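Chains as they are written, first to last, in my numbering: chain Z, 1 to 153; chain Y, 1 to 153.
A couple of the hints might just be wrong.
[Claimed, not checked] Pairwise CB distance ranges, derived in the manner of DEER restraints:
hint, chain 1, residue 1, chain 2, residue 2, range
1, Z, 131, Y, 150, 39 to 47 Å
2, Y, 61, Z, 102, 44 to 52 Å
3, Y, 105, Z, 113, 49 to 57 Å
4, Z, 133, Y, 85, 43 to 51 Å
5, Z, 73, Y, 9, 28 to 36 Å
6, Y, 92, Z, 90, 54 to 62 Å
7, Z, 151, Y, 105, 46 to 54 Å
8, Y, 65, Z, 128, 32 to 40 Å
9, Z, 102, Y, 105, 52 to 60 Å
10, Z, 151, Y, 116, 36 to 44 Å
[Unchecked claim] Looking from chain Y toward chain Z, a few residues come up when the C-beta cut is under 8 Å (computed):
hint, residue
11, 10
12, 142
13, 150
The set of hints was computed from the structure by calculation and includes no laboratory data.
Keep in mind that this is a model prediction, so the values were computed, not measured.
Glycine included, C-beta positions come from ideal geometry on N, C-alpha and C.
Number of protein chains: 2
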Amino acid sequence: MAEPRWLSDAEQRAWRAYLEATMLLFDALDRQLQADADMPHGYYEILVRLSEADGRALRMSELATSTRSSRSRLSHAVARLEERGWVRRCVAEGDRRGQVATLTDLGFDVLAAAAPGHVETVRRHVIERLTPEQVGQLEAIGRAIADGLADTG
Amino acid sequence: MAEPRWLSDAEQRAWRAYLEATMLLFDALDRQLQADADMPHGYYEILVRLSEADGRALRMSELATSTRSSRSRLSHAVARLEERGWVRRCVAEGDRRGQVATLTDLGFDVLAAAAPGHVETVRRHVIERLTPEQVGQLEAIGRAIADGLADTG
Chain Z
1 MAEPRWLSDA EQRAWRAYLE ATMLLFDALD RQLQADADMP HGYYEILVRL SEADGRALRM
61 SELATSTRSS RSRLSHAVAR LEERGWVRRC VAEGDRRGQV ATLTDLGFDV LAAAAPGHVE
121 TVRRHVIERL TPEQVGQLEA IGRAIADGLA DTG
Chain Y
1 MAEPRWLSDA EQRAWRAYLE ATMLLFDALD RQLQADADMP HGYYEILVRL SEADGRALRM
61 SELATSTRSS RSRLSHAVAR LEERGWVRRC VAEGDRRGQV ATLTDLGFDV LAAAAPGHVE
121 TVRRHVIERL TPEQVGQLEA IGRAIADGLA DTG
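In isolation and in its complexed conformation, chain Z is listed as follows (with noise of 0.2 Å):
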């Protein structure tokens, strides 16, 4: 086997940081979520998606792509989400073998009283740390990396 190559001083310590800040800010969202609004930040993501769809409805598979989750994880937290009354699932029409996810009227009420504390708490430690031009450059970064694996699956 080849020798490894090791990430250099600057793309370590690039890595470090990114890694550090992300493991902080996942556990703050988190944190602010559940205290505020009883749920973690993933059960938010899969109502935001539902929200933003035509019917407030999606495929599981297309909840799945959209929030980039394993489908086993997203039938795990779509199975809470229905056993609060947030979300309901039945067949897809026309596909005996597709399941679709529909945000209720309680889910969206939920969603958008949850909706401020989440985005203050995004806003106080993403894009107030960071200059009109970071939060550029983190978009061109977040973009490429995403690129990338949406690519290679």
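Assemble the complex: chain Z is given as a structure, and chain Y must be docked to it using the hints.
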């Protein structure tokens, strides 16, 4: 309550791109480490932190800080690592209430075997997607966010 300060379009695009990249990347890192080294990314980070410490040992409280983990999540992970014989826990010298986690020789060998594949995955999905300038930008952005969160706890 005041009108919530929603994100601007540019801020929203940056936040979504970062989230999307991070969800895809963390899945890819977990998949590679599970497939090639039978461990999730969180375990790998614990082993790395211990391998870099004096005597390859850290107090559990130090390990929680350096991996940015909650104490309960860390305790659970270290218990699993101990079952595998990769980490050993013992009472801290001079502090009967404290516990110290030590990387075993087996744990060190497992980490050494896992490292090349993990680093290659980080290189392929992150470093090679970015220009050297963007690598520097990612470090500055990550540091700004991490420092803000480390201050506010």
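Hint check:
1. Z:131 to Y:150: 39 to 47 Å: Violated, at about 20 Å.
2. Y:61 to Z:102: 44 to 52 Å: Given range 44 to 52 Å: holds, Cβ gap about 46 Å.
3. Y:105 to Z:113: 49 to 57 Å: holds (53 Å)
4. Z:133 to Y:85: 43 to 51 Å: holds (49 Å)
5. Z:73 to Y:9: 28 to 36 Å: Since the Cβ atoms of residue 73 of chain Z and residue 9 of chain Y sit about 30 Å apart, the hinted range of 28 to 36 Å holds.
6. Y:92 to Z:90: 54 to 62 Å: Holds: the Cβ-Cβ distance is about 56 Å, inside 54 to 62 Å.
7. Z:151 to Y:105: 46 to 54 Å: violated (40 Å)
8. Y:65 to Z:128: 32 to 40 Å: Violated, since residue 65 of chain Y and residue 128 of chain Z (Cβ atoms, about 24 Å apart) do not stay within the stated range.
9. Z:102 to Y:105: 52 to 60 Å: Since residue 102 of chain Z and residue 105 of chain Y have Cβ atoms about 55 Å apart, the given range 52 to 60 Å holds.
10. Z:151 to Y:116: 36 to 44 Å: violated (23 Å)
11. 10: Holds - the Cβ of residue 10 of chain Y comes within 8 Å of chain Z, reaching about 6 Å at its closest.
12. 142: holds (3 Å)
13. 150: holds (7 Å)
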